[in-house]
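Student: Residue numbers (my numbering), protein chains in the order written: chain H, 1 to 366; chain E, 1 to 366; chain W, 1 to 366; chain X, 1 to 366.
The set of hints was computed from the structure by calculation and includes no laboratory data. Accuracy of the hints is not assured; some may be wrong.
All copies of an identical chain are treated as equivalent in the list; a pair is satisfied when it fits inside any one copy or across any two copies.
Unchecked claim - Calculated cross-link-like contacts (lysine to any residue; reagent style SDA-like; alpha-carbon spacing at most 25 Å): (1) 85 <-> 18; (2) 327 <-> 99; (3) 85 <-> 65; (4) 309 <-> 276; (5) 98 <-> 220; (6) 74 <-> 329; (7) 309 <-> 202; (8) 85 <-> 201; (9) 98 <-> 38; (10) 327 <-> 174; (11) 309 <-> 162; (12) 98 <-> 147; (13) 309 <-> 257; (14) 85 <-> 63; (15) 85 <-> 62; (16) 98 <-> 261; (17) 309 <-> 178; (18) 74 <-> 179; (19) 74 <-> 38; (20) 74 <-> 186; (21) 85 <-> 40; (22) 309 <-> 254; (23) 327 <-> 199; (24) 327 <-> 276.
Quantities reported herein were computed from a predicted structural model and do not represent experimental measurements.
4 protein chains.
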Amino acid sequence: MASTFGTNVRVSIFGQSHAPAVGVVVDGLPAGFAPDWDGLRAFMRRRAPGQTLLSTQRTEADLFEVLSGISEGKLCGAPLCMVIKNTDTRGQDYAGLKNTPRPGHADWPAQVKYRGHQDAAGGGHFSGRLTAPLCLAGGLIIQLLAQQGIRVGAHIARIADVEDTPFDPMAPQLDDLQDGYLRVLDARTGERMAAAIDAARLALDSVGGVVECAVTGLPVGVGQPMFDGLENRIAQAIFAIPAVRGIAFGSGFGAAGLRGSQHNDEYALDDAGRVTTRTNRHGGVLGGLSTGMPLLFNAAFKPTASIFKPQRTVDLARGQEAELALKGRHDPCIVPRAVPVVEAVTALAVYDLYLDYVKEQAYGIE
Amino acid sequence: MASTFGTNVRVSIFGQSHAPAVGVVVDGLPAGFAPDWDGLRAFMRRRAPGQTLLSTQRTEADLFEVLSGISEGKLCGAPLCMVIKNTDTRGQDYAGLKNTPRPGHADWPAQVKYRGHQDAAGGGHFSGRLTAPLCLAGGLIIQLLAQQGIRVGAHIARIADVEDTPFDPMAPQLDDLQDGYLRVLDARTGERMAAAIDAARLALDSVGGVVECAVTGLPVGVGQPMFDGLENRIAQAIFAIPAVRGIAFGSGFGAAGLRGSQHNDEYALDDAGRVTTRTNRHGGVLGGLSTGMPLLFNAAFKPTASIFKPQRTVDLARGQEAELALKGRHDPCIVPRAVPVVEAVTALAVYDLYLDYVKEQAYGIE
Amino acid sequence: MASTFGTNVRVSIFGQSHAPAVGVVVDGLPAGFAPDWDGLRAFMRRRAPGQTLLSTQRTEADLFEVLSGISEGKLCGAPLCMVIKNTDTRGQDYAGLKNTPRPGHADWPAQVKYRGHQDAAGGGHFSGRLTAPLCLAGGLIIQLLAQQGIRVGAHIARIADVEDTPFDPMAPQLDDLQDGYLRVLDARTGERMAAAIDAARLALDSVGGVVECAVTGLPVGVGQPMFDGLENRIAQAIFAIPAVRGIAFGSGFGAAGLRGSQHNDEYALDDAGRVTTRTNRHGGVLGGLSTGMPLLFNAAFKPTASIFKPQRTVDLARGQEAELALKGRHDPCIVPRAVPVVEAVTALAVYDLYLDYVKEQAYGIE
Amino acid sequence: MASTFGTNVRVSIFGQSHAPAVGVVVDGLPAGFAPDWDGLRAFMRRRAPGQTLLSTQRTEADLFEVLSGISEGKLCGAPLCMVIKNTDTRGQDYAGLKNTPRPGHADWPAQVKYRGHQDAAGGGHFSGRLTAPLCLAGGLIIQLLAQQGIRVGAHIARIADVEDTPFDPMAPQLDDLQDGYLRVLDARTGERMAAAIDAARLALDSVGGVVECAVTGLPVGVGQPMFDGLENRIAQAIFAIPAVRGIAFGSGFGAAGLRGSQHNDEYALDDAGRVTTRTNRHGGVLGGLSTGMPLLFNAAFKPTASIFKPQRTVDLARGQEAELALKGRHDPCIVPRAVPVVEAVTALAVYDLYLDYVKEQAYGIE
């Protein structure tokens with residue numbers, strides 16, 4: 001229900017920040033595919049905190065275990081379950097927080113919704129920790145998509161007021177993405193972003209940003225009209241990432257200020273005689289369906305809610321206002337870690353619709 | 001599947017622009033509710049073209065017929081089906097367009113997806129006409145929400161470069177919305193918007209805009225974590241509206257440029273001793289759950305794709321480029337008509353999650 | 001939710017016995033298929049009452065109208081909506097029955113569930129009338145299956161104590177089915193069944209029976225493990241038919257009394273070198289998946305609940321017991337009319353799983 | 001998709017017989033409930049093989065581990081994941097069986113469906129081992145139902161030709177069920193059943209049987225019309241149990257031979273003035289909804305497919321027929337172990353619909 005996504009491929013996420021484990025069950029993957037486990041581990045390392053001083057000092061093993069779904073090194077057609085044990089938790093950092101909800105977190109509405117029974121430690125099921133199993137499932141599906149010639153890649157478009165070069169909408173430079181903690185196109189921008197994050201950290205504060213994601217190689221006609229188009233499903237998946245505040249495809253909010261003649265993408269034939277568009281403001285999607293042009297969108301992330309500056313809250317037990325000073329280990333900016341998560345959930349949505357496409361293309365009508 | 005939405009209340013949309021009818025089946029509404037049919041007709045008139053010169057000259061009756069689901073004037077618990085006959089169609093305006101896809105429309109990907117069998121007239125199932133049954137379902141559900149003390153209201157935040165006063169995030173001025181074709185807070189803004197639309201029309205062009213929507217009266221704790229939160233479901237529903245390019249909650253993309261201390265909403269107790277937030281940048285949703293503060297978001301609309309300026313496209317039959325000059329009747333700006341549609345689909349998403357809330361609150365654990 | 005079925009192809013049924021119409025929306029059918037409307041009308045006639053004195057004297061037009069989903073005579077990929085106007089209703093036959101629930105019908109539990117707001121006339125949404133839209137959807141899908149070489153056929157296995165020849169499990173005699181009101185393999189059995197029904201009618205009573213259904217031509221491997229196997233989905237669909245009490249595949253309940261050596265079907269190679277089984281007690285399904293052998297099951301129907309003999313019930317308004325003597329027009333046996341309905345809903349379930357098979361077979365893994 | 005069930009409460013089953021583990025994720029359980037873990041372990045022991053000589057000699061620990069979903073001993077509202085490590089497997093017993101499909105098992109259709117990549121050991125995902133996680137989820141939900149006054153209980157109605165006393169349809173004797181390996185009402189029947197099983201085992205053969213299940217305490221009006229009634233959902237769940245061949249509610253197939261006057265249950269008022277029926281042939285369900293009378297059904301189980309008698313099959317590699325002689329450890333009758341599984345999956349279906357009832361009853365319409 002809530003923590004489940006997909007129709008052809010069903011993904012069920014479980015776990016809380018301080019539960020024995022977090023994990024995912026993926027049902028519907030094609031039998032015979034041989035996962036690249038090293039590749040998946042490398043993908044997971046892109047999200048793991050502890051990479052640099054910039055991120056959280058909490059060390060998570062992020063080593064995952066496959067409990068089911070594999071036979072002789074390949075997907076066997078049965079549901080795939082992968083779990084990650086939670087090994088490095090400091091529970092006492094969160095003591096007493098059920099009573100004094102942290103601003104910007106789900107503490108208060110969860111307290112009401114679950115009548116106080118929610119697992120509050122580390123944010124419970126709302127914790128960024130749950131992006132780990134999202135990345136397990138999505139990372140594997142990125143491999144499946146790649147086998148079909150479809151690539152998913154994202155970079156940090158912006159942190160605070162520092163902007164990276166945007167993707168070329170006609171040919172996103174997926175091969176030029178700078179590896180390293182800050183995944184950008186322009187290395188110098190990466191340095192300025194690091195500085196902005198560091199400044200926030202020193203100020204006991206946090207910053208937000210924007211992640212831009214591209215999907216290339218999608219054939220024409222993937223997606224469904226109305227409620228199950230590429231935008232609908234990608235948006236539903238993207239908002240599963242904590243801290244996301246908005247999503248915009250192609251020209252996004254900028255389209256609102258353009259004239260039709262400035263925004264429409266005229267059709268043309270490329271050198272091979274295939275239909276293409278001269279520009280790509282539509283970001284590869286029209287009417288929910290892929291057009292064959294690169295799919296592009298931006299996702300906005302609010303600044304990390306956990307800051308070390310004192311904040312005002314309420315003491316629910318005493319019915320009076322109180323002050324809150326967080327301890328523990330918190331990311332001054334979660335955007336760098338969110339980049340692989342954006343890729344992962346985008347892959348979930350795209351692949352699920354791609355399987356519809358496979359079915360539709362194969363169906364024989366005389 | 002594609003044209004279906006919801007879990008507690010399932011909405012199935014059917015119809016094409018030039019089919020005999022468009023309509024909707026709504027399954028799961030509570031028995032005993034007496035719909036206000038006059039109210040629903042009034043709601044439908046807010047979207048119907050032909051209101052002013054500003055909009056499409058195509059006259060649609062928009063008179064709907066109830067085929068099932070009612071007994072003695074009340075919802076009887078069985079699926080509700082409402083249909084609208086398509087009476088005013090000028091088919092020949094669209095002749096030959098299967099061959100020459102219109103820029104900015106779904107023509108090309110649909111041609112591939114459906115192997116040329118799609119109903120292309122008027123955009124077929126991708127037409128803005130399908131917002132009529134969306135409004136039938138959503139308009140009724142707005143009444144159901146109102147009965148529970150929950151209000152949904154939207155206004156035009158922006159057309160071209162003209163901006164309306166935004167909603168007060170602490171108390172959206174739903175009662176101040178100016179009735180009339182352009183639903184705004186500030187009447188003078190409405191005039192400037194009308195001028196911008198008119199200018200585009202005279203230029204044989206089109207403009208886009210932004211719609212801002214507020215939901216007030218939501219109790220705390222509505223929504224589910226991860227994939228079924230309020231943002232996920234509202235986003236999935238909003239992208240069902242043609243021409244939507246982006247959605248952003250609360251501070252939206254602006255949050256990306258703020259520090260945590262500037263963006264977090266601190267908790268406090270109001271005069272009645274209830275938990276509230278001092279500010280509302282989060283737009284009423286945290287972790288996918290309602291916080292009790294007004295829910296707010298902006299949806300960006302691209303400029304209408306159908307413009308009268310000549311455009312370049314391809315002739316699929318001849319395999320060469322061609323020019324396209326549209327005839328017929330087209331909206332220079334669909335944003336004014338989209339306002340009730342935004343309210344309608346928002347109501348679908350909110351109500352579906354509200355029913356989960358009813359269930360959770362009523363469940364008894366000793 | 002309740003009146004919706006399917007994943008690849010979603011079927012939404014709406015209508016009450018005395019509503020303006022009953023109908024169905026089918027979303028997910030393949031574009032390009034040209035329905036045989038005459039064939040569908042012929043299929044509908046198989047279920048329509050008024051064929052002989054044996055059945056209800058209520059005349060239903062059963063003429064259906066297509067509101068959407070068709071373009072140039074073919075399925076266009078958009079949802080297909082078909083409606084049947086309810087023209088011949090005699091409301092007064094049901095006056096006062098909300099107060100005095102009829103034994104064997106859903107009246108009493110519906111009265112509680114819908115708090116008295118249910119449409120009670122003619123059984124409302126629980127009426128056998130709803131098998132008409134089931135047959136519209138299923139009848140069309142039977143044509144789609146036939147195009148893929150898959151046939152669905154059923155006959156009356158039993159009425160009262162009269163039994164027809166069962167299907168040959170190795171080669172069901174679908175071509176030998178006697179046309180006419182009682183669809184049987186052995187015409188003499190048909191006469192004895194007619195006599196049994198007539199005897200019941202004269203006694204102001206009713207009889208039940210069993211329908212046997214076969215599906216031939218299914219490739220091997222259609223269906224999913226656990227909850228979405230052929231038996232699970234066919235059973236879920238079959239129980240949507242009013243009056244069904246049980247379903248049993250292959251040897252069914254008889255298997256319970258056999259030894260493994262008597263029940264197992266040993267494998268062999270046929271003349272063409274293909275895998276087959278020497279016997280077919282398993283009825284074509286193992287582990288939820290098709291084996292390539294004919295799929296066979298029996299569905300048990302209770303005797304029609306509406307009988308003219310006086311029955312005891314309660315007067316809900318007065319809180320005391322009362323007597324009930326039904327008037328109106330009622331089938332002394334609904335089994336003959338149920339045969340096409342069994343075929344129809346079986347087709348829904350089989351086709352939905354067949355589309356998974358198409359997807360799985362087409363998916364390319366190097 | 002396939003191995004997922006439910007709407008309000010979603011159950012995802014994973015695992016293969018010889019995978020590292022089997023398990024289940026349950027999403028949607030109410031926060032605040034304190035599971036009785038000892039009670040759940042006791043429930044699991046009812047299904048565990050190794051209890052007596054009558055059952056499989058394979059010892060399974062069946063000790064489960066909770067990976068998520070619990071906080072301070074109570075359900076915390078987040079998805080609950082329980083896993084069971086597979087510790088006692090003898091892989092070599094199944095060597096070579098991908099090539100020579102076992103009669104009566106899913107081997108052959110799975111080989112085709114998964115193109116040979118399925119995990120064949122021990123039947124893989126089709127193994128009876130998967131009834132363990134079904135029982136974990138169902139066993140917990142039985143406790144939740146009990147808290148609401150709803151009881152689920154089953155007994156062996158029949159093994160081979162030995163029949164137990166059936167449940168009294170007006171008052172199923174749930175408290176009289178004989179504990180021990182063969183759960184029956186009449187202890188002497190249990191002895192005769194044991195003898196029948198033993199005889200089959202000595203003959204290197206197997207026997208089947210029937211399980212009868214009762215659900216008491218259901219309020220009136222639980223369930224939905226058409227596709228989501230109690231019969232539809234219970235049937236969908238019951239067929240997830242390996243070896244089930246049929247299901248029949250109330251009088252079941254016997255109803256087919258009755259007259260309406262013999263089968264209808266007349267209404268009456270009990271001593272407390274509540275509506276009841278004088279008889280209960282309908283087995284507690286009418287039109288998919290609960291009537292307040294005990295819900296009753298029978299499920300037929302085929303004889304265990306794995307027998308030690310030699311059987312004929314095909315050698316897929318050589319394209320010729322072959323003989324098969326199974327080794328290993330197999331149950332001569334799985335019916336005794338299936339009894340708690342029947343209770344478990346019935347609980348899943350009933351509880352899911354019960355939550356709809358809670359929502360519907362709580363919804364306020366003025």
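Student: Are the hints correct? Go through all of them and say.
Tutor: We went through each hint and held it up to the structure:
For the homomeric pair residue 85 and residue 18, the shortest alpha-carbon distances inside one copy (10 Å) and between copies (22 Å) are both at most 25 Å. Taking the shortest alpha-carbon separations for residue 327 and residue 99, only the intra-copy value of 16 Å comes in at or below 25 Å, while the best inter-copy value is 61 Å. For a Cα distance limit of 25 Å, the shortest separation of residue 85 from residue 65 qualifies both inside one copy, at 8 Å, and across copies, at 13 Å. With identical chains, the CA atoms of residue 309 and residue 276 are at most 25 Å apart between copies only, with a shortest distance of 20 Å across copies and 52 Å within one.
For the identical chains of this complex, residue 98 and residue 220 are inter-copy neighbours only, at 16 Å across copies versus 49 Å inside a copy, given an alpha-carbon limit of 25 Å. Taking the closest pair of Cα atoms, residue 74 and residue 329 never come within 25 Å of each other, the shortest separation being 38 Å inside a single copy and 27 Å across copies. Taking CA atoms no more than 25 Å apart as the test, residue 309 paired with residue 202 passes inside one copy only; the shortest distance there is 11 Å, against 55 Å between copies. Taking identical chains as interchangeable, the C-alpha atoms of residue 85 and residue 201 are never at most 25 Å apart, the minima being 29 Å within one chain and 44 Å between chains.
For a Cα distance limit of 25 Å, the shortest separation of residue 98 from residue 38 qualifies neither inside one copy, at 39 Å, nor across copies, at 29 Å. Proximity of residue 327 and residue 174 under a CA criterion of 25 Å is satisfied in neither setting, with 38 Å inside one chain copy and 41 Å between copies. For the homomeric pair residue 309 and residue 162, the shortest alpha-carbon distance inside one copy (23 Å) is at most 25 Å, but the shortest distance between copies (38 Å) is not. Taking the shortest alpha-carbon separations for residue 98 and residue 147, neither the intra-copy value of 46 Å nor the inter-copy value of 27 Å comes in at or below 25 Å.
Only between protomers do residue 309 and residue 257 lie at most 25 Å apart by alpha-carbon distance; the minimum there is 18 Å, versus 38 Å within a single protomer. In this assembly of identical chains, residue 85 and residue 63 lie within 25 Å of each other by CA distance both inside one copy and across copies; the values are 8 Å within and 18 Å between. In this assembly of identical chains, residue 85 and residue 62 lie within 25 Å of each other by CA distance both inside one copy and across copies; the values are 8 Å within and 21 Å between. When the C-alpha separation of residue 98 and residue 261 is checked against a cutoff of 25 Å, the pair qualifies only between copies, where the shortest distance is 21 Å, while the shortest distance within a copy is 54 Å.
Taking identical chains as interchangeable, the C-alpha atoms of residue 309 and residue 178 are never at most 25 Å apart, the minima being 33 Å within one chain and 42 Å between chains. In the homo-oligomer, the alpha carbons of residue 74 and residue 179 never lie at most 25 Å apart, since the shortest distance is 29 Å inside one protomer and 44 Å across protomers. In this assembly of identical chains, the alpha carbons of residue 74 and residue 38 lie at most 25 Å apart only when taken from the same copy (14 Å versus 38 Å across copies). Taking the shortest Cα distances, residue 74 and residue 186 never come within 25 Å of each other, neither inside one copy (38 Å) nor across copies (50 Å).
Within a single copy, residue 85 and residue 40 get their C-alpha atoms as close as 17 Å, and across copies as close as 24 Å, so both meet the 25 Å cut-off. For the identical chains of this complex, residue 309 and residue 254 are inter-copy neighbours only, at 21 Å across copies versus 34 Å inside a copy, given an alpha-carbon limit of 25 Å. With identical chains, the CA atoms of residue 327 and residue 199 are at most 25 Å apart within one copy only, with a shortest distance of 19 Å there and 57 Å across copies. Taking the closest pair of Cα atoms, residue 327 and residue 276 come within 25 Å of each other only across two copies (24 Å); inside a single copy the shortest separation is 54 Å, beyond that limit.
Hints 6, 8, 9, 10, 12, 17, 18, 20, counting from the list given before, are not met by this structure.
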